[in-house]
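Q: Just so you know, we're using this note's numbering here: the sequence shown kicks off at 1424 and counts up by one.
The set of hints was computed from the structure by calculation and includes no laboratory data.
Do not take every clue at face value.
Under the rule of at most 20 Å between Cα atoms (straight-line distance), these lysine-lysine pairs were calculated in the PhoX-like manner [as the list claims (entries may be wrong)]:
1) K1595 x K1557
2) K1511 x K1602
3) K1602 x K1625
4) K1625 x K1512
5) K1596 x K1504
6) K1512 x K1595
7) K1544 x K1519
8) K1596 x K1625
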Amino acid sequence: MLLVMNSRNSSNLSTRRNNSQLTLGQKLLKLIGMIVIMLFLTTGLAACGSNQAKSQKDKASSDSSVTSRTKSSNAYQNLTKSKAKQVKKADDAVSKSVHVAIVVKKNSDKKVNNPTIRAIKSIKEIKGTDKNTKLIRKSYMAIVGVVKSPSLINMQTARSYIGQVNDSLLAKKMNNKYKKKMARIVAANTSMDESEVLNKTKPLSNKKLKAAQEKAEQEKLASSQNTNQTNSPQANSSTASSAQPTTAQEMNFSQIQQGDYESLLGTWQEAAVSVNRQDGTGSHWDVPQGDTLTVSKDKLVNGTLSLQGNILNDGTNNNDVVFSQTNGYLTAGLADESVAINYSIYFYPKGISMSDFDKNIPTTVDNSKNRIIIWTSNNSYTEVFQSTTN
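Let the hints inform the model, and build the full structure from the sequences given.
A: In structure tokens, the structure reads:
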């Protein structure tokens, strides 16, 4: 009986040991399983967090890129709301003028005058006397100058003025929008291709631009003189006769715009006047009234009116002047046309018709002479002076 009891005790002890070992194994397996699950969860959460962070970063980068593109695409954002509206209107008008000029080359029966006139009017409506606004006006006027008179120097002038605009966003827009179009217009009127035109019209500093303008003016003058000599009845006369010096003097537009009136020196005589008497019949030409125009090397004087450099004094106020060159003549107009009384001065070299100014110019005005026209909005009073010496 004792043997049986010992045998049972031994069996129970073995069973408890097996149960103990089984429980320990289960615990170990459970622990390992939990560790695996925790590792899995940790890795998954880390990956999820990384993807979320990347997604947020990409979104932020995308938003920043969109904002940057939006910011850079708004070329007028540095301007006041009213000025931005004025500049955009001018840009639209100039763009149409440029487009029509390109089309006109293919369809010679179409007219470019009206879009160009509207463009000039819109440019003059850009108000302001600060340096940047003046440069914006000058740049757009110069672009129109390329439309009216396609040449390398006119395009180089436009590109140089655009490069000087302080507002980099607007300058970049103008350059990108008009550079190739101007090159296309100039190339269509010369024997050069567009790439050559672009290479020869790179922007210059004011000093270098002035020198380039003077050189172009001299070349134009020399070409004009050669043409006149070739077409002259005396072209085949003796060498001694053809070598006689001439007192005729050409208007130098480049010098005039810089305030140097040496090419205008001499005697000027009033040839005709026009006035609107406010009687409902418009302006009418009349006989000269005996007014005078005095020219010195650095100043033009007509009564109380004077022009000196880019300043026109009306006897009371100094007014900034903007120059534009079209159809062979030069215009000096007020930068701010919102003044009570407006003024313009026109410089017509000999041989250039005044039909753009008026279709009914009186016969007392001689197109073979240099002429200066002074106009005021006060009753549209107009005086035509012509040189008696050149």
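Q: With reference to the structure, classify each hint as holding or not holding.
A: Hint check results:
Taking the CA atoms of K1595 and K1557, the gap is about 17 Å. The hint holds against a cut of 20 Å. The suggested pairing of K1511 with K1602 holds, with an alpha-carbon distance near 18 Å, which does not exceed 20 Å. Proximity of K1602 to K1625 is assessed by CA-CA distance (about 10 Å); at most 20 Å being required, the pair is judged to hold. Annotation: proposed proximity of K1625 to K1512 is violated, straight-line Cα distance about 27 Å (limit 20 Å).
A hinted pair counts as satisfied when its Cα atoms are at most 20 Å apart, and K1596 with K1504 qualifies at roughly 18 Å. In summary, the hint linking K1512 to K1595 is supported, as the alpha carbons are separated by about 18 Å, within the 20 Å threshold. Note on K1544 and K1519: the hinted pairing holds, with a Cα-Cα distance of about 13 Å set against a maximum of 20 Å. Proximity of K1596 to K1625 is assessed by CA-CA distance (about 17 Å); at most 20 Å being required, the pair is judged to hold.
Figure legend: structure checked against the earlier numbered hints; the only hint not met is number 4.
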